Every structure is written in C-alpha cells, then in structure tokens.
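Chemist: Mind docking chains B and C on chain A? Use the hints.
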Amino acid sequence: MLDIVFIAGMILFAISSVYFYLVGRDKKGLNSAFLVSFLTLVSYVLMWQGKLTVTTQAGEPIFWSRWLFYGATCTLLMVGIAQLKGISGAKLVELLYLTAIVMFTGFLAARDLTNTRWIHFIISSVAYVLLVSQVLSVKNKESQWVSSYILFGWTVFPFVFLIAPTGLGLIGAALAELLYLLLDIYTKIIFNIQLGRKA
Amino acid sequence: MLDIVFIAGMILFAISSVYFYLVGRDKKGLNSAFLVSFLTLVSYVLMWQGKLTVTTQAGEPIFWSRWLFYGATCTLLMVGIAQLKGISGAKLVELLYLTAIVMFTGFLAARDLTNTRWIHFIISSVAYVLLVSQVLSVKNKESQWVSSYILFGWTVFPFVFLIAPTGLGLIGAALAELLYLLLDIYTKIIFNIQLGRKA
Amino acid sequence: MLDIVFIAGMILFAISSVYFYLVGRDKKGLNSAFLVSFLTLVSYVLMWQGKLTVTTQAGEPIFWSRWLFYGATCTLLMVGIAQLKGISGAKLVELLYLTAIVMFTGFLAARDLTNTRWIHFIISSVAYVLLVSQVLSVKNKESQWVSSYILFGWTVFPFVFLIAPTGLGLIGAALAELLYLLLDIYTKIIFNIQLGRKA
Numbered sequence: 001m002l003d004i005v006f007i008a009g010m011i012l013f014a015i016s017s018v019y020f021y022l023v024g025r026d027k028k029g030l031n032s033a034f035l036v037s038f039l040t041l042v043s044y045v046l047m048w049q050g051k052l053t054v055t056t057q058a059g060e061p062i063f064w065s066r067w068l069f070y071g072a073t074c075t076l077l078m079v080g081i082a083q084l085k086g087i088s089g090a091k092l093v094e095l096l097y098l099t100a101i102v103m104f105t106g107f108l109a110a111r112d113l114t115n116t117r118w119i120h121f122i123i124s125s126v127a128y129v130l131l132v133s134q135v136l137s138v139k140n141k142e143s144q145w146v147s148s149y150i151l152f153g154w155t156v157f158p159f160v161f162l163i164a165p166t167g168l169g170l171i172g173a174a175l176a177e178l179l180y181l182l183l184d185i186y187t188k189i190i191f192n193i194q195l196g197r198k199a
Numbered sequence: 001m002l003d004i005v006f007i008a009g010m011i012l013f014a015i016s017s018v019y020f021y022l023v024g025r026d027k028k029g030l031n032s033a034f035l036v037s038f039l040t041l042v043s044y045v046l047m048w049q050g051k052l053t054v055t056t057q058a059g060e061p062i063f064w065s066r067w068l069f070y071g072a073t074c075t076l077l078m079v080g081i082a083q084l085k086g087i088s089g090a091k092l093v094e095l096l097y098l099t100a101i102v103m104f105t106g107f108l109a110a111r112d113l114t115n116t117r118w119i120h121f122i123i124s125s126v127a128y129v130l131l132v133s134q135v136l137s138v139k140n141k142e143s144q145w146v147s148s149y150i151l152f153g154w155t156v157f158p159f160v161f162l163i164a165p166t167g168l169g170l171i172g173a174a175l176a177e178l179l180y181l182l183l184d185i186y187t188k189i190i191f192n193i194q195l196g197r198k199a
Numbered sequence: 001m002l003d004i005v006f007i008a009g010m011i012l013f014a015i016s017s018v019y020f021y022l023v024g025r026d027k028k029g030l031n032s033a034f035l036v037s038f039l040t041l042v043s044y045v046l047m048w049q050g051k052l053t054v055t056t057q058a059g060e061p062i063f064w065s066r067w068l069f070y071g072a073t074c075t076l077l078m079v080g081i082a083q084l085k086g087i088s089g090a091k092l093v094e095l096l097y098l099t100a101i102v103m104f105t106g107f108l109a110a111r112d113l114t115n116t117r118w119i120h121f122i123i124s125s126v127a128y129v130l131l132v133s134q135v136l137s138v139k140n141k142e143s144q145w146v147s148s149y150i151l152f153g154w155t156v157f158p159f160v161f162l163i164a165p166t167g168l169g170l171i172g173a174a175l176a177e178l179l180y181l182l183l184d185i186y187t188k189i190i191f192n193i194q195l196g197r198k199a
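So the protein lines, in turn, are chains A, B and C.
Numbering-wise (this note's numbering), the first sequence opens with residue 1 and increments by one.
Numbering-wise (this note's numbering), the second sequence opens with residue 1 and increments by one.
Numbering-wise (this note's numbering), the third sequence opens with residue 1 and increments by one.
Isolated chain A (complex conformation) (with noise of 0.2 angstroms):
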C-alpha cells in the first residue's frame, strides 16, 4: 500500500511537472509551479525508497524526509502566496523564514520518537499560527481564495501529523501518507493550475 501511494505520487508529480514546464515556459519570472512539482517529485522517490525513516514502537514507519522538502517547496508555494496578497520585501523575507521554520521543527518532530516531539511540535504549531495569521491578516479581493485555501489545505496538514504514527498513532503510516499525497496534489498541484488561471 506505501509502495502504490509512493509511486503514484512520483507518477503524479513527474506529469505535473513537465506540464508546469511547458505552461511556464515562456513567462518570464519564476516558474515555481514547475520547482514545486519538481522537488516533490525527488522527495516521493526518496520515500519510496525508504532509507530516510524511523520506526515508532507500534511498527509504523515515518518519512521525516518529506518535511524537509516541504521547507523548500513551501517557500516557493509561499513567494506566489504572497505575491497576490501584495506582500513584498522584507515582510515577505519574515514569511518565509517563518514557513522554513515551521517545516524544519516539524521534521525534528517528525523524526524524534520521544515525549520531547510534542515541545518541536507546539513549536512548530505557534510558528504556522503566527505565519497563517499573518498572511490571512492582508485582505484583497483578488486574493480571497487564496485564504480558504490556505486555511483548509495547509491546516489539514498538522491535523494529519497529529494523528498518524507521528502524533497519537490513531491512524497507520499506510492511511497517513495516502492522506498527505491527497494533500499534496491539491496544495502543489490544483492550487497552482488556479494560480496560474488567475494570473
């Protein structure tokens, strides 16, 4: 079951990446739908190898790597965010750091298999609250979807983390990773086939 979620998502982002390719191709700026796709496409490989994990005492794997792309794909997601909510410069440089260190304690929660992953956690939780409420904060017109999307896509996240092997284990890695690769292709994949409509 890992193994058909892992491989689809590579299946998946590999598609999406060569379709972001090609749309972007001829725009000028940053074609960060294409790295978002590009870099998820490296980290399903590298869970589907499975090397990058460690095992809670019920038996279930945990793929801390996936949270160390979502530093890098995150920010990327987060430049185009903030573009149309007309943030720039140094409040931009402020979300940024924030996201890296939301996902990078999330990672150090991921991977520690102690009580102490719950201190990373509550850690990582107060730096999304103060990065989503930040970024809901600037109110436009053109950006108001972007704000449910955020709040319903991005919040899902630490939901699922909190009930998979990572958290309270109320949920297997299997169902879990299943649930992040739904997660993925709408954060990563519908949002920016939307954010390009829009643009």
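What the hints contain is simulated information worked out from the structure, not anything from laboratory work.
Given the structure is predicted, the values throughout are model-derived calculations rather than measurements.
There's no promise every hint is true.
Identical chains share a label here; the pair holds if one copy fits it or two copies do between them.
[To be verified] Calculated cross-link-like contacts (lysine-lysine; reagent style BS3-like; alpha-carbon spacing at most 30 angstroms):
#1 K28 with K139
#2 K28 with K51
#3 K198 with K139
#4 K51 with K27
#5 K198 with K141
#6 K27 with K141
#7 K28 with K141
Modeler: Same frame as chain A, now just chains B and C:
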C-alpha cells in the same frame, strides 16, 4: 548543571521570542529580533535533548548543533548590523556568506574530535577575521556602539571554543555552555533591545 | 594517490582564495570568485579527511560531500554567469534553484549504492539540461565564451560521474577525483580569472 543551563536558555529565549514578537508586531520590515530568539529557542530544546553531540576522550559532551543554528541566527543579526553600517546589496550578500562559512566550519571543527579540527578552526577564524574587518572598516557615528559590541560580543565565542572541550579542554562542558548562554543573552537579546531603541 | 589529489586541491584553492581575495578587495559587489575558492578549500579538507564517504562493492570510495559543496559554489558561479548573460531577478532565482537541484540530486545519486541511484541521476540530468538550455538560449557577444565554457567545463562533470565508481565504475576513485580536480581548477579558478579580465 548542563540541564539547568539549557532549561534556562529555553525559558529565556521563549520569553524573549514573545517580547520581540509583540514589540515588532506593527513595524514594517523583517522582525529579525523575534526570528533570532525563536530559532535560538529551538536550538536550546535540541541541546537539552542532548542527542546531537559527540563525546571527547575526556568524557565531555560537545553540542555541535549550536553552530548550525548560529549559521541561521547570526546571518539574521548581520542583516541588522549591516543596515546600521549602511552596507547593502552585493556587499551584504558577501557578509552573509562569510558569516555562514564561519559558523559552518565552526560546526565542522566542533563535530570533529581528531586533530584535523584545527584546520577547520583556522579556516573558520580566517573567515571570521575577514568578516569582522569588513564590518568594522565602515565607520559612522550611529554604529560606533555596534563595532564595540561585535568586537567584544562575537569575538569571545571563538575564545570559549578554544578553551572548551572543542579546543584545548581547559574548561568543562558545563562551564562552556554557561558562557555560551551568557554570550547568547548578550548578543541576541540585549543587542536586539538596544537595536530597537536606536532604530 | 587520492591523498595527493586532495592535498593538491587544498593547496591550490588556498592559494586561489588569497589571490581572489586580494584582487577583489576594492571592487564593490560580491567577491564570488573568492567565496567559491574558499568553499572549495573547505570541501577538499573534508574529502582529504575521508569520513564523508560510502564504499562501493568494488571497494572504491565515493566522496559524496563534493556535490553538496557544488550546491553552494555553483550557485555562486551561476550568479556571475547570469550577470554576463544579462539574466536577473526572478529568472536568475529560477536558475539558482535549478543549479541547487542538479547538485542535490547529484549528491543523492552519489551517496546511493543501489540501482535507485539511476533515478536520481536521471532527475539530476533533466534539471541540468533545463538549466543549460536556458542559459545558452540567451545569446550576446560578451558571453559567447561563457557558453562554450559551460558546455565543455560543466558537462564533463556528469560524464565523469557516469564512468566513475558513482556510475558504471569504468575508472577508479583516484582517477575520478583527479579529473574532478582538473575540472574544479578549470571551472572555479581559470573561469574566474577570465571573468575578472572581461568585467
């Protein structure tokens, strides 16, 4: 003793994170004082956990993760310092690279228990001298205090490194980490309070 | 033999660091020639130490840390190349991301002894082709020499990777590292001397 130092660090930098967040809330621009404190909090949590260490022949632990976090926090501090010194653009980028190299080679020296660590230490020191000489060469009235702050506050770090278990081992890990904590308070909290007053 | 190659690299890049530092001292802007040489010096110290390696079934060591350092140095080189090509802003950021992805997936391929390394190698090659084709598509008189320099100097790297223990294993580690040293001298010292003359 080590535990007390790290718990004190966690509490202090948790408080300073909240303080700098609230103070810097309405300012435009990058709230680097908050980000520095927040990242230092994460660094102290990891040192308190005590997993990212090597142990010297004398049985003293070396907390090498500290230097990787300095790579992130000291580049942020350098942005503030450069602003006061009127350094920007490509020259600032060079200072940020040098700061990152100083801390990364410091990490290599800290992690290394063989004599080769002295090569890393020398390379780190060369980069440090180049960095500080460039920063101090820019003189203006408003930044006089910054120059003396760097000369004292930053230069004591490699000195502690030298006498700590990372270097000659003249002092133990507990005293070394206490000295680092005092330096962290001076360079990351007191400095940023002073910077906020002058800005 | 390996030792001689790495010691030669350390000496050469120590000398070129001093040279580029002195030459670039009074220039405004980023002294990237110096930073590239200095970082390459650190890279050769680590390879000479020989700890950051994996060993193939044929008993040949692979020095994978090289590719992580290329992630830092080749992005710096790309800044200089882009300047000559008149590429800046968001397009430059995209090239830097692509360069970093090429080197990071190169690192993944180098570190990996299983057949999956070919997936990483293919992904790295795709990113490389996209990178080079974008750089070469910009044509102007001043940068004609840069295009031929990249086509030869950079493209030989993946070719050595392919015949070295990292790939098909047609040549041994000593010869591979010697070839990389020659390429490093060509792409990081000779190129930067030439760049300094034209600028």
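Chemist: Which constraints among the numbered hints does this structure fail? Numbers only, ascending.
Modeler: 2, 4
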